[in-house]
Amino acid sequence: MSDHNGEDRSITAVGMRRDFGELHAVDGVDLEIPGGRIFGFLGPNGAGKSTLVKILTTILNPTAGRATVAGYDVQKQGGKVREAIGVALQDVGLDPLMTSRELLMLQTELFGTPRDEARKTAERLLVTVGLDDVDPRKRAGAYSGGMRRRLDLALALVHDPRILFLDEPTTGLDPASRAAIWEEVRRLNDDFGMTIFLTTQYLEEADRLADEIAIINKGKIVAQGTPSDLKREVGDEVVELQFGSSADAASADAALAAVAPNRQVGGRELRLYFGRAAENVPELVRVLDGAGIRLQGLTIEQPSLDDVFLRVTGEALEHEVDEAGDAGSAPPDAERAEVTS
Amino acid sequence: MNDILLLIGRSLRVAIRQPVAILPNIAISVFFLFVYNSGLSSVAELPGFQGTYLGFILPVSLVSASVGGAGLAGQTLVKDLENGYFTKLLLTPTRRLALIWGPMVASAIILTAQVVLVMLLALLMGLRVATGPAGFALVVVLAFLWGMAFAGYAAFMALKTKNAAAAQAATFAFFPLIFLSYTFVPQEYVTAGWLRVAATINPTTYVFDSMRSLLNTGWDSTSLLVGFAVTLGFATITGALALWAARGVTKMTS
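Residue numbers (numbering that gives the first Met the number 0), protein chains in the order written: chain A, 0 to 340; chain B, 0 to 253.
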């Protein structure tokens, strides 16, 4: 394990599993994350990202498997783990009736810091996350979404943790707030050698920040590597062709087999993966024209999470199902119910 | 100990910021005291009635104040669970039970303040405590213990349901507890058999008895023993339930 100042900053998991009734939220995850890295955990809603974070941060017991964080067993040495880690969960945890300074001071003091020092820590962290110029009497309940995220991040940092867990830190944020969080994450990693375990649904986020990415789907890690490795597997650019019917799309898929070896059909759309898309477009049009298939639209895009997904799972992201799950019912609630019962 | 003090302080501060959660409860207690005392005080003229009607109805007001104040513990917990702050606290090295005790003790402090306030109001209205200052103190202690018993119940419901509406609804248990008893008239004037049965089962009856003996009739060791035994028994049961529910919520990893 690569250490910083002789302290263990690694995260490991072996055969990690967590069931919620019939649902295998985390289904046999192995991890070996050396200290000082930014590790991106990428996957759709309901893939098991939050469940895994909750297990690694001692909030939830696993059904099976073992994990260590900062060298401590998450089940047997929960207290030690909590002293070493900072956690900002997807659901921001702030008491809406308290001010930023009250929240920061209480959190700092609960980590055993004396009051005077806690006051300094609170002021320092407010500067760090750019909330120092907010009216000190303003309560967290009156903060905007972006401010709440930043305050929540500050709360995760009160005890100078060696490892920081960020569960979807920028979901739902505007681009400016997102960029600010990215910058802060980079800085924490550069300046303090903090190991950062970051979950996200955004390929771009993982791409910008992470030294290494694992893709999780249905509780299993389906791909792992550096961002450039993963993208190279998919292709650098995507050409999306739109047709009038799914029959046309299927015919086009067959007709283009020789031109584009990497293809995915979805309904009336066909996606083709290339190193350089523009060079191939004239040939695509010629082939389709020759086969008498009418093209309705053509766009060139960067590979998305969907594309990496298609590649590694052989199936499209189930958007409706995932979004429904996120909005209320199955996985998040199942998790919450289990955490607390 | 420091972590419990910090969490009690925090619960108190937050409670005071929401006077709407406290004031209606005080208002109801005062309402009981004024309205029933002025409307039903002729009950005291019935043959065999001992003491004043003020001393008789005051325990109803006190139990209402203590039970209402205890509900705050459940409200604080359920809000923390709902808005995720409870998890934030779980991520500190704080002893897990301190997270439950913080709101419980804070609500006990608030309910004691309410009880004392209502008692002082009754003194202003002319209350004479038959057993003197010691009896006065014991009445406060009984109300406090009864409140803690109810706080245990409120915390249990909050931790089990994790839902503000459900936890709020659970505090309506307060109605049968207060009213299915010899609430407004002494036992000997209640003829309805079903109410007599309900009152005998209802633990609040014994709290009323103890308080009324202290306030109206003088030292009565049997009534006091039964009152304290029932209260402590009830508190033990609800406290155990709350701890059991807390064990689930905090996972008790350390």
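Some clues are possibly wrong.
Claimed, not checked - Using 30 Å as the maximum straight-line C-alpha spacing, the simulated DSBU-like pairs for lysine-lysine come out as follows:
(1) Lys217/A <-> Lys119/A
(2) Lys75/A <-> Lys159/B
(3) Lys137/A <-> Lys119/A
(4) Lys219/A <-> Lys230/A
(5) Lys75/A <-> Lys230/A
(6) Lys217/A <-> Lys159/B
(7) Lys217/A <-> Lys230/A
(8) Lys79/A <-> Lys159/B
As the list claims (entries may be wrong) - Pairwise CB distance ranges (calculated):
(9) Gly14/A <-> Pro23/B: 38 to 44 Å
(10) Ala141/A <-> Arg195/B: 49 to 55 Å
(11) Arg12/B <-> Asp235/A: 53 to 59 Å
(12) Gly14/A <-> Pro92/B: 23 to 29 Å
(13) Arg246/B <-> Gly296/A: 43 to 49 Å
(14) Pro175/B <-> Arg136/A: 40 to 46 Å
(15) Gly266/A <-> Glu81/B: 50 to 56 Å
Worth flagging that the hints you see were computed from the coordinates, not collected in a lab.
Quantities reported herein were computed from a predicted structural model and do not represent experimental measurements.
Don't be surprised by glycine CBs; every beta carbon is placed ideally from N, CA and C.
Hint by hint, here is what the structure shows:
A hinted pair counts as satisfied when its Cα atoms are at most 30 Å apart, and Lys217/A with Lys119/A does not qualify at roughly 44 Å. The suggested pairing of Lys75/A with Lys159/B holds, with an alpha-carbon distance near 25 Å, which does not exceed 30 Å. For the hint pairing Lys137/A with Lys119/A, the CA-to-CA distance comes to about 19 Å; that is within 30 Å, so the pair holds. A threshold of 30 Å between alpha carbons decides the hint, and for Lys219/A with Lys230/A the separation of about 19 Å falls inside it, so the pair holds.
Restraint check for Lys75/A and Lys230/A: the C-alpha separation of about 39 Å exceeds 30 Å, so the hint is violated. Simply put, Lys217/A and Lys159/B have alpha-carbon atoms about 29 Å apart, close enough for the 30 Å limit, and the pair holds. Restraint check: the Cα-Cα separation between Lys217/A and Lys230/A comes to about 21 Å, which is no more than 30 Å; the hinted pair holds. A hinted pair counts as satisfied when its Cα atoms are at most 30 Å apart, and Lys79/A with Lys159/B qualifies at roughly 28 Å.
Our hint of 38 to 44 Å for Gly14/A and Pro23/B is violated, since their Cβ atoms are close to 53 Å apart. Distance hint for Ala141/A and Arg195/B: a CB-CB separation of about 54 Å, consistent with the stated range 49 to 55 Å. Evaluation of the 53 to 59 Å hint for Arg12/B and Asp235/A yields a pass: the beta carbon distance comes to about 56 Å. A hinted range of 23 to 29 Å holds for the C-beta pair Gly14/A and Pro92/B, which are about 28 Å apart.
The beta-carbon spacing between Arg246/B and Gly296/A, approximately 59 Å, falls outside the hinted interval of 43 to 49 Å. A C-beta distance of roughly 43 Å is found between Pro175/B and Arg136/A, which places it inside the suggested range of 40 to 46 Å. Taken as a hint, the range 50 to 56 Å is violated for the pair Gly266/A and Glu81/B, whose Cβ atoms sit roughly 40 Å apart.
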